[in-house]
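Trainee: Using the sequences plus the hints, can you model the full thing?
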Amino acid sequence: MRTRFRQVVAGAMLVAGLAVAGAARSAAEDQTTWAGLKTDVFGNRAIEDGKGILTLSTPVRAEDAATVPVDFSVALPEGDGRSVKAVTLIIDENPSPVAATFRFGDGQREVGLSTRIRVNSYSYVRAIAETSDGRLYMTANFVKASGGCSAPAGKDPQEALQNLGKMKFRRFAAAGQSEAQIQIRHPNNSGLQMDQVSRLYIPAWFVRNVTVRQGDKTLLAMEGGISISEDPTFRFKMAEQPGDVTVDVVDTENKVFTGRFEGKSGS
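Residue numbers (mature numbering (1 follows the signal peptide of the UniProt record, and there is no 0)): -21 to -1, 1 to 246.
Just so you know, the hints here were simulated from the structure itself, not pulled from any lab data. Mixed in with the good hints there might be a few duds.
No farther apart than 30 Å at their CA atoms in a straight line, the calculated lysine-lysine pairs in the DSS-like style are these [claimed, not checked]:
1. Lys234 to Lys216
2. Lys17 to Lys134
3. Lys17 to Lys145
4. Lys30 to Lys216
5. Lys196 to Lys234
6. Lys64 to Lys145
7. Lys30 to Lys17
8. Lys17 to Lys147
9. Lys123 to Lys134
10. Lys196 to Lys216
11. Lys134 to Lys234
12. Lys145 to Lys216
13. Lys17 to Lys64
14. Lys134 to Lys30
Computed beta-carbon distance windows for the label pairs [said to hold, decoys possible]:
15. Gln160 to Ala54: 28 to 34 Å
16. Gly22 to Arg149: 36 to 42 Å
17. Arg239 to Leu140: 30 to 36 Å
C-beta: ideal position from N, C-alpha, C; glycine also.
Mentor: What follows is the structure, encoded as structure tokens:
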């Protein structure tokens, strides 16, 4: 009897495991969502394979679906006269799939950026780069995560309001590569999170635009949505040059926050 019971349990576990693996594999192979999104976001424009130009780094399985690290870089070949105009991050299965579009200063042939996103269910995460001649290049990774858009905020609501709009700016220079990081205190509510006391949904309220300038030159501009994580953080390539840095932030309630920082490394 015990032997038979063990066989039944083992068989059930095997079937369940195969079902989960099959569901994940089906989701990974399903391009139906992207077929519709592609037209909605880019119309009938051709999108080329980004291999050799565009790289995207994401975890295969996220530890926290509300703060999934994502890192992309674009490097145009030597002798290519074009520059990088923008990179758009898309999460196919999110309620609002376009996480953000990042636009870069004129003439940049090599760009890179790291941030954190929310992933609501097993989904492809895509980076689509646009060059100065209007051509589009894409790469995509499949990420196993769920519940990121509805996950409760990590910060106490009162603390979040007290620190609303506060920023930190840092420069990093090592091994010949210079980077900068901006951290913005903001709850970035998705509209899908529930107040744990009232049990009502918290209205969407998030950072809509970020503009980073050094002197009168724009280094980076972001147009974002609900898929960017709480307390948005952006780390990006930034050439060593003199001049203070100004960061302007606008959220969906039209609140404006401005930070001014020394542009030198280590600030």
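Trainee: Compare the structure with each hint and give your call.
Mentor: Verification of the supplied hints:
no.	hint	result
1	Lys234 to Lys216	holds, 27 Å
2	Lys17 to Lys134	violated, 35 Å
3	Lys17 to Lys145	violated, 36 Å
4	Lys30 to Lys216	holds, 20 Å
5	Lys196 to Lys234	holds, 23 Å
6	Lys64 to Lys145	holds, 29 Å
7	Lys30 to Lys17	holds, 19 Å
8	Lys17 to Lys147	violated, 35 Å
9	Lys123 to Lys134	holds, 24 Å
10	Lys196 to Lys216	holds, 15 Å
11	Lys134 to Lys234	holds, 20 Å
12	Lys145 to Lys216	holds, 22 Å
13	Lys17 to Lys64	holds, 19 Å
14	Lys134 to Lys30	violated, 39 Å
15	Gln160 to Ala54: 28 to 34 Å	violated, 20 Å
16	Gly22 to Arg149: 36 to 42 Å	holds, 38 Å
17	Arg239 to Leu140: 30 to 36 Å	violated, 23 Å
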